[in-house]
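Participant: Chain by chain, the residues:
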Amino acid sequence: MKNRAILLPIAVAAITTVSSGLAWSQEFKPSKQIETVVHTGPGGGSDLLARAIAELLQKEKLVSQRLQVVNKSGGGSAVAMSYLAEKKGETHTIGFFTGVWVTNPLTTAEATVTIKDLTPVVRLVLEPAVIAVKADSPYKNMKDFIDAAKKNPKQLAQSGGSVTSRDNLMRLLIQKATGAQWNFISFPSGGERLSNLLGGHVQIMVIEPQEAGEQIRAGNLRVIAALGEKRLASLPNVPTLKEQGIDVPLIPQARGVMAPPGVPREVVQYWEGVFDRFEKTATWKQYLEQNQFEDGYLKGPGLSKFFDDLTAQMREVLKEAGAKVVR
Amino acid sequence: MDALGNLLLGFAVALTPVNLFWCLIGVVLGTVVGVLPGLGPAATIAMLLPLTLKMDPATAIIALAGIFYGARYGGSTTSILLNIPGESSSVVTCLDGYQLARQGRAGAALGISAIASFIAGTVGVLGLMLIAPPLARFALRFAPPEYFALMVLGLAMVVFLAGDSMVKALLAMLVGLWLATIGTDLFTAESRFTFGQVKLLGGVDFIAATVGIFAIGEVLVNLESRGGAEIFKLAKGLRNLLPTLQDLKDCRFAFVNGSVIGFLIGALPGAGATVASFLSYGIEKAFSRHPERFGAGAIEGVAAPEGANNADAGGALVPLLTLGIPGGNTTAILLGGLILWGYKPGPLLIQEHPQLFWGLVASMYIGNVLLLVLNLPLVPLFAQILRLPYYVLYPLIIGISIVGVYSVNASLFDVWMMGLFGLLGYLMRKAHFPTAALILGMVLGDGLERALRQSLMMSQGDITILATRPISGVLLLIAIAILCLPTIRKVRSWRVETIEREG
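So the sequences go chain by chain: U and B. Using the numbering used here, the letters of the first sequence correspond one by one to residues 448 to 774. Using the numbering used here, the letters of the second sequence correspond one by one to residues 1087 to 1589.
No lab work stands behind these hints: they were computed from the structure. Values in this document were obtained by computation on a predicted structure and should not be read as measured data. Just to be clear, a hint being listed does not mean it is correct.
What the hints assert, rightly or not - List of simulated lysine-lysine pairs, BS3-like, C-alpha gap at most 25 Å: (1) U:Lys506 <-> U:Lys479; (2) U:Lys732 <-> U:Lys508; (3) U:Lys506 <-> U:Lys732; (4) B:Lys1140 <-> U:Lys732; (5) U:Lys476 <-> U:Lys506; (6) U:Lys689 <-> U:Lys590; (7) U:Lys752 <-> U:Lys563; (8) U:Lys727 <-> U:Lys476; (9) U:Lys727 <-> U:Lys508; (10) B:Lys1430 <-> U:Lys732; (11) B:Lys1430 <-> U:Lys506; (12) B:Lys1140 <-> U:Lys506; (13) U:Lys727 <-> U:Lys677; (14) B:Lys1140 <-> U:Lys727; (15) U:Lys563 <-> U:Lys766; (16) U:Lys581 <-> B:Lys1430; (17) U:Lys581 <-> U:Lys598; (18) U:Lys689 <-> U:Lys581; (19) U:Lys601 <-> U:Lys581; (20) U:Lys677 <-> U:Lys732; (21) B:Lys1140 <-> U:Lys508.
Model the full assembly from the supplied sequences, consistent with the hints where possible.
Facilitator: Structure (structure tokens):
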């Protein structure tokens, strides 16, 4: 409480300074360290992305102040989102969102802050994914696996993250489209998901191509489908789900930047300007390539529409999956 | 011979002045981070990762790994001196370490912890060097049923944490298990026991709970005893501040036990150093000739868990470097680092970049020596803190606790939780409930429940899956045997009494 009492006058002062200066300048420039909120602990996907971007922005000299990553993990994304919401009007705080920020409030009653309550800034990446099996598995393509799953309903298993993660939602969609049924086993850490696949305890897994790449090269894994509109450049021989006759809506895994509610327009414009320039740098292109991300750059009304569509789609998918949708 | 040739290559990398310098920086930073409760190696490495981008990758991983295993050395310091666990893997160290400090043997406890860390840390590197690939393949055989059995085995250690009453220990453990269920359920994404509190969605922070129960609870109990009585005795003279030859002899088995358990558990991606430290403590007490000393200041009770959490650091690097699979937060950041430095972590990493792997291995041998040389002279220095009068010491303990707990998540809520758990710790001490049993339940509860439900998902609800698989079956049998120990002891002492009476 004390903290906020100090922050509030500063925030108010910042806003008044900016608006009084409007007549001759519409520029916002950060004047102190920028608090960068992520919903995972150190080492999680969002954490690594935020830290990499903080570093690359500085390398390209696109921001004058340091981005300080703050881990607000817990409750899916609820802790981080409510923290951002508390920072209403704060000009020196941003957050890194993922699809979880959309799905988590849909299923968790306590997660009262939704993506609608925050200020979208930019979407930066879309993460492609593939479906992998162990290299010595009998399944050479999706048909092999689906047939086996139909023959032995609920005998095969998939390892993945939480039940609201993209992995599980894709499973539910494919099950519905094909009539096959198999189990989903949640593991909180990516390491356990992969080691259970490599150990033969589960049969398939949705995995990022970057994570799978070395396992494929070492002859440990085989990829049987790409989860995207088109084939991946790095795995040109792997057909998409659609090519294999499974026509299901694709759930994008998006990552990007959010601001607290009620921040002045100038602040959003400032960040849009920064990322407009950042998106075109060779450094960023190289980072995308290293991690096999797709450039998902999107801002403004397009981004708001993206969130609206995704929220509606997720609500449907979750309902059909039998999850308790609370809002 | 191959390993020897490779190791020579590794030393050629590690002994360059630059790498030696950064190895030293890494282990010093690690020690500092370990000593300070709260801020852990994961957060530190994440913060420093950007600085390493301009370094040679071998130098970078040598420095960051130094922080990782260096923190395990420092973790024992506040556990022993102030009953504040510096890292979650040092919780068990509080049990006997703090008692030793109260008996004026803080120096011996700190010293033995540094020595155990050195021995086990070195064994961990040896293991990483010699048996990493086959061990990683073996670890892949651990699926949810095996983890469940391992967690049950861990819970069986409650037998060795119980004081006079087994019932009280079991009750405390159950409360710990319940505390672990607070938060968001991974499987259904629903919240449990959060009472509408957003801040509880992420569960009870482990550091806040342990620091509260151990440090704050202890301070509260001590405040009751009025009068300026000295709480700590402290031996005069430097020699009395270090472990004696007898101490070293007493810890022979603990060194081996900690090294082996720590390394093996470390190589399992789903377990962790805290589990390893509890297991090695239990084993130590089970095979001890004077189990009654444990909890009242047994030097082996410090050596075993402190060794285990250091060997664990070597073990944790096994799946990371041989398969590209991170087992925990810290190794996940190292994985992120490897990608940023331009490597592709995976099964081919060692083969294609031998200088990186062997450079790291060699640097860890050097780092462990550096840590011992650094830490031993610090022992008498740190022990001086106990000369402080209680009216300085207690505020100091509370201050360090608050800062430490706050620094984990920058959350005042966690500080309040710490206060609440402090009160709980006080009440438990008053009613003679073993606090460590509660912590044990809290550490293992999450993994136990998860593994059980994952196993049942694998078997379609058939519970026999837990006992019919070879590894889990054996582990469960051992756990049952341990749980029967108190009964066997009781029967035996009853027989002895009867025979004596008749004689």
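Participant: Take a quick look at whether Lys1140 (chain B) and Lys506 (chain U) sit within 25 Å of each other, Cα to Cα.
Facilitator: holds (11 Å)
Participant: Can the restraint linking Lys601 (chain U) and Lys581 (chain U) be considered satisfied, given a maximum Cα separation of 25 Å?
Facilitator: Roughly 19 Å separates the two Cα atoms, so the pair holds.
Participant: Compare the distance between the alpha carbons of Lys1140 (chain B) and Lys727 (chain U) with 25 Å, and conclude whether the hinted pair is satisfied.
Facilitator: holds (22 Å)
Participant: Does the structure keep Lys1140 (chain B) and Lys732 (chain U) at a Cα separation of 25 Å or less?
Facilitator: holds (19 Å)
Participant: Going straight from one Cα to the other, do Lys752 (chain U) and Lys563 (chain U) come out at no more than 25 Å?
Facilitator: holds (11 Å)
Participant: Is the Cα-Cα distance between Lys732 (chain U) and Lys508 (chain U) 25 Å or less?
Facilitator: holds (16 Å)
Participant: Would you check the hint for Lys581 (chain U) and Lys1430 (chain B), treating anything up to 25 Å between C-alpha atoms as holding?
Facilitator: holds (19 Å)
Participant: Check the hint pairing Lys506 (chain U) with Lys479 (chain U) against an upper bound of 25 Å on the C-alpha distance.
Facilitator: holds (18 Å)
Participant: Does the alpha-carbon distance linking Lys727 (chain U) and Lys677 (chain U) stay inside the 25 Å limit?
Facilitator: Judged against 25 Å, a Cα distance of about 23 Å means the pair holds.
Participant: What's the verdict on Lys677 (chain U) and Lys732 (chain U), does the C-alpha distance respect the 25 Å limit or exceed it?
Facilitator: holds (20 Å)
Participant: Straight-line Cα separation of Lys689 (chain U) and Lys590 (chain U) no greater than 25 Å?
Facilitator: Holds - the C-alpha atoms of Lys590 (chain U) and Lys689 (chain U) are around 12 Å apart, at most 25 Å.
Participant: Would the hint linking Lys476 (chain U) and Lys506 (chain U) be met if the CA-CA limit is 25 Å?
Facilitator: Status holds; Cα separation ~18 Å.
Every hint from the earlier list agrees with this structure, and none is contradicted.
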